[in-house]
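Number of protein chains: 2
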Amino acid sequence: MDLSNRARVAPPSPIRKLVPLADRAKAAGARVYHLNIGQPDIPTPPAMWEALRRANIEVLDYSPSGGIPAFVQALQGYYRGHGHDLAREELIVTTAGSEAILFALAVVCDPGDEIVIPEPFYANYNGYATLLGVRVAPVASLPETGYALPPRSELEARIGPRTRAILLCNPCNPTGRVYTREEFTTVVELARRHDLYFIADEVYREFCYADEAPISVLGFPEIADRAIMVDSLSKRFSVCGARVGCLAARNRELVAAAMKFAQARLSPPTLGQLMGIAGLALPPSYHEQVREEYRRRRDAVLEELGRMPGVVCRPPQGAFYVMAKLPVDDAEAFVRWLLDEFRLEGETLMVAPGNGFYATPGAGASEVRIAYVLEVEKLRRAMRILAAALRAYRPAPAAAPGTR
Amino acid sequence: MDLSNRARVAPPSPIRKLVPLADRAKAAGARVYHLNIGQPDIPTPPAMWEALRRANIEVLDYSPSGGIPAFVQALQGYYRGHGHDLAREELIVTTAGSEAILFALAVVCDPGDEIVIPEPFYANYNGYATLLGVRVAPVASLPETGYALPPRSELEARIGPRTRAILLCNPCNPTGRVYTREEFTTVVELARRHDLYFIADEVYREFCYADEAPISVLGFPEIADRAIMVDSLSKRFSVCGARVGCLAARNRELVAAAMKFAQARLSPPTLGQLMGIAGLALPPSYHEQVREEYRRRRDAVLEELGRMPGVVCRPPQGAFYVMAKLPVDDAEAFVRWLLDEFRLEGETLMVAPGNGFYATPGAGASEVRIAYVLEVEKLRRAMRILAAALRAYRPAPAAAPGTR
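Going down the list, the protein sequences come from chains B and E. Per our numbering, residue 64 is the first one in the first sequence, and the count goes up by one each step. Per our numbering, residue 64 is the first one in the second sequence, and the count goes up by one each step.
Keep in mind that the hints were calculated from the coordinates and are not lab data. One or more hints might be untrue.
[Stated by the list, open to error] In silico EDC-like cross-links for lysine to aspartate or glutamate, where the CA-CA straight-line distance does not exceed 16 Å:
| # | chain 1 | residue 1 | chain 2 | residue 2 |
| --- | --- | --- | --- | --- |
| 1 | B | 441 | B | 362 |
| 2 | E | 388 | E | 367 |
| 3 | B | 441 | B | 367 |
| 4 | B | 441 | B | 104 |
| 5 | E | 80 | B | 152 |
| 6 | B | 80 | E | 152 |
Next comes chain B alone, as it looks inside the complex (with noise of 0.2 Å):
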């Protein structure tokens, strides 16, 4: 039986397609540190697991398509406090940012549109795209300008007649690059000028170690017709299994038509949105405390891949995540080779193959993405086995007979 053929170009996830090789370790004995996923380890504040012990629930219901109205006036409360005023028919509780970049998609572009997006990027974009049927135009970023936005003629020579939006990721995973006013101004411009959408993903907003806090899509009033901001709970509170996020988007119409697709899956998770209206309530010492936590990993992350030799990487100044590119030619087989043959006294870890986070065939393949969501401790034991396994590296070893 013949399946889609979105389904048979779907690109597996690079964060997530390894995972088998890392059980297989894992069930040999090997100790796997998993800087693959950004699945954070910061314990999930204790007043979302108190909200949830109080919600004394009976039935577990349904909640409203657009989201429990408790929680959205938590979001509410949330933007206002970013500057940006939200009425409750501009914003849809989605589940997690996941579903809000498919709505975000969907109610932009049809089969065979395009969507603009500087590369490496968020390699699930492409997943939705392909589900969508929508094809992503990539414009390289650079390892070399830190993943600065792509030059305005670079990023318009990719604009045709069927582009329906450029997509930004900020703080971006998996670069950690923070977009400055210039950088939106030229995006804000190109919308306008060629009558996009600005699409920004805006889940990282907390985790940003630069001296100004992150720009967003909402504040640029000249395109409030255009631009839409995903969002998530997942990475701000270490919720990720909550599946909670929101679209959010000045443009009522654009909104009204979301919420259509919000019906026809019924409801987001309601347990997710109990445990975020208490998250909200958090004093904003809770974000402080756990940025001053990232903060301390990216430096001893970038201290570490320093003293590795050959290795090139710019120090990133948001989200929860370093692209390195590394000596060697195929970093997806190195990660193979790490979860499959290397041990440093037992232990492994587990990174994302740069590759994945590229649309353009071939590019990235000597990077992969580190995500510090680990103890600093425990981030500079698996620096140092990635260091030891960078030294003992041998390209396509699993080739050579009898080395399993």
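Given the structure of chain B, go ahead and fit chain E onto it with the hints provided.
Frame of chain B; chain E shown alone:
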């Protein structure tokens, strides 16, 4: 700013689109009996809440994209109890039945492809089809036959070069139909003859009031390569807000393809899966008790409907819905009037207009779907409000001046 075509043509949920009217009625002091949505009032089993309390989680992390292993094992045990051995590679945990439908359609259909569905059908199939650029080819099933499967010739007449699947919901939402072995065999033969997938939505498996258990699409080895089963815990355990379900198929290539989309959204909700493990460990007596309760409800609704002049409905044998033809020309206008204007001692009811369950324009205009998801006494009260409303109703009162 133009929206996508799919956003423009996406149908609003017939189950949810009138909710704002109900909210307004409640804000004005009315009590509204909600028979519009399949939201059971049966308490979520205490063992499932207990599982959540006992979980003692520090970080609410992602689950594996295909589901928590212990939950997958619980599902395997559950299906084994229904006679179906499913390997790990034949099952993906989804964010409720909704996402299982999304994945099933996505792996089978490309934009422009078609699926044949007897109508009336669960409205959200249409929502997902629109999202994915898939066309629904409806074939009429009739109230007079108890919404039996349409004749083979009529189904076959709708099968064209772009047809990829036939979809049945069994027991059927919204009709309550439990399809016979002969009806299943007809679809199985058509699937083989025309090289189609057979997608079955079996979320109401436990809600069957006939002597024999409902038939599953997994019970036909001759279509093992083309059978796809969609399931959900929502109704089974009164956990609609947990958002946990699954997709199952013997075709492992198909499941692997669906897994790529599952990876793109990272994880189904973790807490719902933890609750699900406990739910699936409940004894059969749990389902028997729930079934008996729904049988009483069904019988009460049918008894009351039978007393209403001009109302047509045949006793359904499954799910917890009754489709009824009312003596009105425009049931949606009638439902709006129920919510906006009609009160019996300060109370009214909400049911789902039938037209939303039909893809054929104009079809189902006089029908409504009644979800019998409240206690018998409340249902009888709601049905008496309906009877009084039908006596009082004069079409198009909203157009008359001075009535608001």
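Quick rundown of the hints versus the structure:
| no. | hint | verdict |
| --- | --- | --- |
| 1 | B:441 x B:362 | 13 Å, holds |
| 2 | E:388 x E:367 | 14 Å, holds |
| 3 | B:441 x B:367 | 12 Å, holds |
| 4 | B:441 x B:104 | 11 Å, holds |
| 5 | E:80 x B:152 | 14 Å, holds |
| 6 | B:80 x E:152 | 14 Å, holds |
Of the numbered hints stated above, none is contradicted by the structure.
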